[in-house]
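Asks: Respectively, the protein sequence lines represent chains A and B. Numbering-wise (my numbering), the first sequence opens with residue 5 and increments by one. Numbering-wise (my numbering), the second sequence opens with residue 111 and increments by one.
Read the hints as simulated data drawn from the structure, not as lab findings. Keep in mind that this is a model prediction, so the values were computed, not measured. Hints should not be assumed to be uniformly reliable.
Claimed, not checked - Selected chain A positions facing chain B (Cβ under 8 Å, derived; list incomplete):
1) E57
2) T60
3) G64
4) G74
5) M78
6) Q83
7) S87
8) M88
9) P93
10) L107
11) Q111
12) P115
13) A149
Ideal Cβ placement from N, Cα and C applies to all residues, glycine included.
Listed below, chain by chain, are the residues.
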Amino acid sequence: MLLLEVRHAAYEVGRKKILDDLTMSIHEGEIHALIGTNGTGKSTLARLVMGSEGYTLSSGQILFTGQDIGEWPMHKRAQSGISMVWQEPARFEGISVRDYLSLGHSQADLPDCLAQVGLDPGEYLDRLLDKTMSGGERKRIELAAMLALRPKLCVLDEPVSGIDLVSVKSILAVIRRIKQNGSSILLITHREQFAGIDDRVSLLWITPSSSLPPAFSGMRST
Amino acid sequence: MDYAVVELATRVFGHEVDLIKINEEVSLNGKFSRSMIKSRVALEGEARAEIVSATVGCAEGARGHMDCLEIIKDQAVGQSTPIVRVSHPLAKITHEAAIGTVDKKQMETLIAHGLSPEQATDMIVLGVLR
Numbered sequence: 005m006l007l008l009e010v011r012h013a014a015y016e017v018g019r020k021k022i023l024d025d026l027t028m029s030i031h032e033g034e035i036h037a038l039i040g041t042n043g044t045g046k047s048t049l050a051r052l053v054m055g056s057e058g059y060t061l062s063s064g065q066i067l068f069t070g071q072d073i074g075e076w077p078m079h080k081r082a083q084s085g086i087s088m089v090w091q092e093p094a095r096f097e098g099i100s101v102r103d104y105l106s107l108g109h110s111q112a113d114l115p116d117c118l119a120q121v122g123l124d125p126g127e128y129l130d131r132l133l134d135k136t137m138s139g140g141e142r143k144r145i146e147l148a149a150m151l152a153l154r155p156k157l158c159v160l161d162e163p164v165s166g167i168d169l170v171s172v173k174s175i176l177a178v179i180r181r182i183k184q185n186g187s188s189i190l191l192i193t194h195r196e197q198f199a200g201i202d203d204r205v206s207l208l209w210i211t212p213s214s215s216l217p218p219a220f221s222g223m224r225s226t
Numbered sequence: 111m112d113y114a115v116v117e118l119a120t121r122v123f124g125h126e127v128d129l130i131k132i133n134e135e136v137s138l139n140g141k142f143s144r145s146m147i148k149s150r151v152a153l154e155g156e157a158r159a160e161i162v163s164a165t166v167g168c169a170e171g172a173r174g175h176m177d178c179l180e181i182i183k184d185q186a187v188g189q190s191t192p193i194v195r196v197s198h199p200l201a202k203i204t205h206e207a208a209i210g211t212v213d214k215k216q217m218e219t220l221i222a223h224g225l226s227p228e229q230a231t232d233m234i235v236l237g238v239l240r
């Protein structure tokens with residue numbers, strides 16, 4: 005069953021086209037990787053799906069569970085089951101990991117969610133999400149939040165950026181667990197090797213298509 | 111006093127027509143003395159805050175930092191005046207100040223986890239004041 009459909013989406017800033025006639029879909033229970041080099045509009049698409057302030061399609065549609073969500077504010081999209089891990093997650097003063105992981109899902113086993121992303125619950129549950137936390141730790145907390153939240157659609161914007169190379173495999177395993185928890189995943193990355201866990205893959209590129217880098221040749225494209 | 115350490119922390123929530131005035135000063139006279147002045151202020155309604163923080167570094171190795179954050183809503187007005195004075199070449203004083211509405215990135219992060227904009231604002235403000 006189709007969960008998310010992006011139909012002929014275009015997005016412009018001033019006179020500059022960021023996205024042009026983009027069509028893609030995500031089915032329930034699948035990981036759909038969106039690959040592209042820097043500047044192709046991957047993160048822009050993530051923000052358009054999530055409904056960030058100031059991000060509205062110039063033309064086209066975004067449908068979630070069959071409903072056109074183009075005019076919906078972000079909180080309505082989130083409450084309908086879309087959530088997102090940002091490329092650079094925010095930090096907060098006075099908010100603990102426990103507070104954060106408890107948002108909207110008090111039933112979740114929080115220590116288990118932390119353990120699954122490789123963080124010791126005894127050490128991290130009562131730590132603050134402030135600037136004392138490294139980028140890698142913060143990213144893992146975001147992934148733990150997705151395990152706890154179990155959204156219908158999880159948008160992961162560069163989930164392995166800031167993660168050391170040794171730990172990348174374990175992060176990919178976490179992404180699989182998020183899927184096993186029942187979430188569909190839009191996986192945004194510029195590193196094609198991380199698209200190996202996908203069920204489908206799409207490629208974003210800057211036209212002309214002849215400028216496509218050789219590394220991408222042979223990839224499936226929807 | 112050499113190697114002295116001082117930390118001043120202020121957390122205030124101003125409502126309606128509150129007028130908040132904070133004046134604080136640290137003088138680092140001892141060698142390798144250290145200080146931190148940290149101010150966290152949230153304002154709503156027509157509340158106003160005027161914060162003056164001063165740190166003076168007068169001795170070898172003295173290190174001082176001032177960190178002021180004010181979150182304002184509605185018609186509230188925040189003002190921060192850091193004063194940095196150094197009279198010894200081996201002393202160093204730094205400051206940072208941010209005044210504005212609730213951070214958009216923080217808001218969006220919490221909203222994407224299912225909070226309403228109002229709930230997200232409350233959580234951020236209370237976190238800052240905690």
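Asks: So, as I understand it, the hint says A:S87 touches chain B; can you test that by seeing if any CB pair is closer than 8 Å?
Replies: Holds. Min distance 5 Å.
Asks: Double-check A:Q111 for me: the hint is only fine if its C-beta lies closer than 8 Å to a C-beta in chain B.
Replies: Hint on A:Q111: violated, closest Cβ of chain B at ~14 Å, above 8 Å.
Asks: Was the hint right that A:P93 lines chain B, CB cutoff 8 Å?
Replies: With a minimum Cβ separation of about 6 Å from chain B (threshold 8 Å), the hint on A:P93 holds.
Asks: Does A:P115 hold up as a contact with chain B if the rule is Cβ-Cβ below 8 Å?
Replies: 19 Å, violated
Asks: Restraint: A:Q83 near chain B, CB-CB cut 8 Å. Satisfied or not?
Replies: 6 Å, holds
Asks: Would you settle whether the hint for A:T60 is holds or violated, based on the nearest Cβ-Cβ distance to chain B being less than 8 Å?
Replies: 15 Å, violated
Asks: Have a go at the A:G64 hint: is there a Cβ in chain B nearer than 8 Å to its own Cβ?
Replies: 22 Å, violated
Asks: Is the shortest C-beta separation between A:L107 and chain B less than 8 Å?
Replies: Holds. Min distance 4 Å.
Asks: Grab the minimum C-beta distance from A:M88 to chain B and call the hint holds if it beats 8 Å, violated otherwise.
Replies: 5 Å, holds
Asks: Is the interface hint for A:M78 satisfied, with its Cβ closer than 8 Å to some Cβ of chain B?
Replies: Holds, about 5 Å.
Asks: Does A:E57 pass the interface hint, meaning its C-beta sits closer than 8 Å to a C-beta of chain B?
Replies: 7 Å, holds
Asks: Holds or violated: A:G74 as interface residue toward chain B, Cβ cutoff 8 Å?
Replies: With a closest approach of 17 Å, the A:G74 hint is violated.
Figure legend: structure checked against the earlier numbered hints; hints not met, in rising order: 2, 3, 4, 11 and 12.
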